[in-house]
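Asker: Start from the sequences and build out the full structure, keeping to the hints where you can.
Read off the chains here:
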Amino acid sequence: MNITIRGVRGSIPTFNPETMLYGGHTSCLEVVEDDCLLVLDAGTGIQNLNLSPNLDVHRIDILLTHLHIDHIQGLGFFKPLFDSSKEVHIWGVGTKTKSLRARIGRYFSPPLFPVYFRNLACKLIIHEIDNSIFNIGPFTIQSQYIIHPGPTVGYRVQSPRGVLTFIPDHEPALGQMKLTNEISWLSGIELASGADILMHDAQYTREEYRMKIGWGHSAMEDTLQFAALANVKKLYLFHHDPMHTDAMLDEMLKGLKENTSYPFPFEMAVEGTRIEL
Amino acid sequence: MSYPIEIILNRQLADCLAIPVFITDTSGNLLFYNEPAEDILGRRYEDTGEMPVEEWSTIFKSKDENGNLLDPGELPLVRTLHNQLPYFKTFWIESLIGKSIKISVSSYPIIGRNGVFVGAVAIFWSPSEE
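First to last, the sequence lines map onto chains B and F.
For any residue, its number in our numbering is found by taking its place in the first sequence, counting from 1, and adding 2.
For any residue, its number in our numbering is found by taking its place in the second sequence, counting from 1, and adding 48.
Everything labelled a hint here was simulated from the structure, so no lab data went into it.
From the three backbone atoms N, C-alpha and C, an ideal C-beta is built for every residue, glycine too.
One thing to keep in mind: the hints can contain errors.
Distance ranges between label pairs, derived from CB positions [as the list claims (entries may be wrong)]:
{"#": "1", "chain 1": "F", "residue 1": "Leu133", "chain 2": "B", "residue 2": "Asn133", "range": "20 to 30 Å"}
{"#": "2", "chain 1": "B", "residue 1": "Gly196", "chain 2": "F", "residue 2": "Lys109", "range": "38 to 48 Å"}
{"#": "3", "chain 1": "F", "residue 1": "Gln132", "chain 2": "B", "residue 2": "Asn56", "range": "39 to 49 Å"}
Answerer: What follows is the structure, given as structure tokens:
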């Protein structure tokens with residue numbers, strides 16, 4: 003399983019000289035194994051994927067965690083959608099009252115976007131999921147609702163070579179003074195359990211989180227504890243706050259390394275990073 | 049294995065409330081009760097943790113205004129578990145130490161976005177607070 007981080011930022015693309023190291027594109031991962039291409043989230047990072055040689059496949063599967071704009075903003079600029087030789091599968095969450103097609107269709111329509119969903123050239127197949135398990139090529143994928151405003155899932159992507167868990171937006175500590183140690187009461191833990199790689203929301207510092215409770219994101223310290231409870235092998239702190247510069251992220255990581263002692267390695271996710279499992 | 053987030057979020061809400069709240073799974077096993085509910089059960093969640101339906105349903109007796117035992121099928125939470133609908137009823141409960149209190153109970157099913165029934169909630173309060 004080859005993973006490339008195409009976008010790491012949360013909320014809004016953030017490009018300036020102070021964010022060049024970690025990257026400014028919003029949530030997107032490229033995952034490849036045996037000529038099977040998965041795209042996890044379609045934030046503006048999907049723009050980086052347009053140049054990938056891995057796009058030279060007939061079928062592409064896009065797995066959306068949810069439909070907040072930072073996770074779908076790049077969708078309309080993804081070249082395979084406009085290529086009649088491609089088969090694009092979009093997986094995501096519908097609701098009781100609106101199908102996934104109708105919900106994404108709000109983005110693919112004026113005044114937000116000039117091209118309607120129905121006018122896309124590719125062969126488009128929509129899959130509605132919730133707490134689901136499904137197979138794509140060599141991958142077995144589990145999706146599960148997690149705590150974040152609006153319908154949101156995390157993904158556990160398993161192949162013979164390992165497990166990647168992707169939970170870019172998540173607030174498991176919501177309503178508590180701190181993250182619970184009771185596994186059965188912890189949102190998302192099943193997805194992350196024993197994962198080789200966990201990419202998890204870590205948008206805020208502890209102090210920032212206190213001012214933004216209920217916004218759907220995690221304090222970095224809670225993310226570390228979550229990873230420890232899940233017994234993951236490596237953690238990438240993901241969904242960087244748009245106000246966090248490279249220097250600030252460096253400083254925050256240094257502080258976390260100095261003040262904690264977890265048995266697994268962890269680092270800030272950096273746009274362009276390639277990981278081989 | 050963790051509980052569905054609909055159950056987790058109900059617990060987190062219950063944790064913040066001053067009214068007694070009980071949360072069960074679809075079989076009626078008691079998954080969580082908050083601090084105000086501890087007064088009704090006479091036990092602490094910290095001590096008991098989760099309780100099977102056979103255990104917690106015997107902690108108090110439910111009676112009508114004439115002191116007759118209520119059929120369990122008349123209780124709001126039991127009806128919610130059977131029919132997956134909200135219910136309300138005012139009745140008397142008698143604890144193991146013989147203390148009787150008049151109580152109103154509202155119950156509702158926890159049905160997630162995907163339409164799956166995952167549990168139920170019962171909220172208790174004294175009718176004098178109505």
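Asker: Each of the hints needs a verdict: does it hold here or not?
Answerer: A quick look at each hint next to the structure:
1. Leu133(F) <-> Asn133(B): 20 to 30 Å: With Cβ atoms ~23 Å apart, the hint holds.
2. Gly196(B) <-> Lys109(F): 38 to 48 Å: holds (46 Å)
3. Gln132(F) <-> Asn56(B): 39 to 49 Å: holds (46 Å)
Hint compliance for this structure: no hint is broken.
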